[in-house]
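Q: Sequence:
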Amino acid sequence: MVGGGRDAFIGAVHRIAARIDDQYELVAGCFSSDAEKSLASAADLGVPRAYASFAEMAAKEARRKDGIEAVAIVTPNHMHAPVAMQFLKRGIHVICDKPLTHTLAEAKKLAKAAEASGVVFALTHNYTGYPMIRQAAAMVAAGELGEIRLVQVEYAQDWLAEPVEETGQKQAGWRTDPARSGAGGSTGDIGTHAFNLANFVSGLTVEELAADLQAFVPGRRVDDNGHVLLRYRGGARGMLWCSQVASGQENGLRLRIYGTKAGIEWEQENPNYLWVGPLGQPKYRLTRNGAGAGPEAGRVSRIPSGHPEGYLEGFANIYAEAARAIIARREGTALDPAVTFPGLKEGLEGVAFVDACVRSSSRNAAWVKLNL
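full-length UniProt numbering numbers the first residue of the sequence shown as 1 and each following residue consecutively.
Any given hint could turn out to be false.
[Claimed, not checked] With a straight-line cut-off of 25 Å between C-alpha atoms, the simulated BS3-like cross-links for lysine-lysine are:
1) K89 to K112
2) K112 to K369
3) K261 to K283
4) K109 to K283
5) K89 to K108
6) K65 to K89
7) K345 to K112
8) K37 to K170
9) K345 to K108
10) K89 to K345
11) K89 to K60
12) K109 to K261
13) K108 to K369
14) K89 to K109
15) K37 to K60
16) K369 to K345
Please keep in mind that the hints were generated in silico from the structure rather than gathered at the bench.
Could you put the whole structure together from the sequences, leaning on the hints where they help?
A: Here you go:
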């Protein structure tokens with residue numbers, strides 16, 4: 001692991017997710033850009049091999065007979081590419097937190113390097129690991145909704161409704177600093193999750209968008225709210241709202257998709273339920289591992305219906321899917337076609353989404369194409 005030391009939030013989430021299915025052992029890490037903090041964090045976690053820099057870690061681990069097979073990158077956005085490059089050139093698989101990088105040019109360069117290296121590259125858009133999201137995507141792909149017409153997705157939080165970055169809060173500090181987060185604030189942090197989720201379930205491709213971004217908190221250098229209109233290839237239309245200043249909202253990720261035959265609704269704060277509304281018929285609810293749920297949801301469910309699964313388990317499903325791909329690569333066997341996880345394609349699309357939103361908003365919400 002690179003990043004995720006003392007006082008870091010997402011590193012602990014990755015470590016829990018990696019352990020849930022007993023597919024990973026954490027044996028090495030550079031947990032901070034501060035060498036002393038990195039070594040102390042390793043001692044806290046009982047990690048046997050601690051490094052003062054990620055470059056040293058990549059070089060030394062690559063030379064060991066028992067060196068790491070994969071690296072988890074859980075740093076702020078601006079460090080994703082430099083860290084990944086060190087491990088990619090040594091043939092070490094990469095599991096990277098989103099977004100892929102903090103600029104589109106850097107994302108394209110990283111994607112080329114990853115493709116050339118031939119390693120497994122997973123991006124932890126964890127919401128695609130939720131069982132009922134897999135159920136929804138399978139229903140769309142099977143044509144149960146008919147031809148998709150409308151996609152509505154929103155991700156609303158309130159934790160940046162005040163200038164908490166000025167109080168020394170670590171997470172707010174780097175997420176509102178364009179040098180570390182990239183040009184997008186809420187668009188990069190949570191808008192990319194909403195964008196990825198809508199794409200994953202709908203199976204559609206956005207061709208152009210029009211974005212109106214705001215920084216409501218005075219002095220904030222990146223957006224904390226965004227309204228985005230989407231035009232999909234084939235004629236479907238969509239709307240995406242992301243906000244970190246929506247007072248009273250905790251983690252309000254919600255997806256609605258409407259086709260010619262039916263609509264579906266899902267919300268992250270009640271993730272074990274998928275509502276289905278057939279045209280002209282009563283709406284009904286599918287539950288995780290319950291009656292009517294399909295094999296796509298079942299293969300990423302761990303416990304019987306009625307027992308809630310959520311954030312950590314969804315995250316773990318991305319790690320488990322990546323593990324299956326890594327093991328297949330190691331053993332030279334065919335990968336089960338049911339295995340799916342976000343990777344370079346989704347990473348490029350996410351960074352291109354942020355880039356397009358910023359360009360559009362700077363031109364008074366003009367329609368722009370994604371620069372892919």
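Q: Hint by hint, say whether it matches the structure.
A: Structure-based check of each hint:
no., hint, verdict
1, K89 to K112, "12 Å, holds"
2, K112 to K369, "21 Å, holds"
3, K261 to K283, "12 Å, holds"
4, K109 to K283, "46 Å, violated"
5, K89 to K108, "16 Å, holds"
6, K65 to K89, "17 Å, holds"
7, K345 to K112, "11 Å, holds"
8, K37 to K170, "15 Å, holds"
9, K345 to K108, "10 Å, holds"
10, K89 to K345, "19 Å, holds"
11, K89 to K60, "13 Å, holds"
12, K109 to K261, "42 Å, violated"
13, K108 to K369, "16 Å, holds"
14, K89 to K109, "13 Å, holds"
15, K37 to K60, "20 Å, holds"
16, K369 to K345, "17 Å, holds"
The structure is inconsistent with the numbered hints 4 and 12, although it conforms to all the rest.
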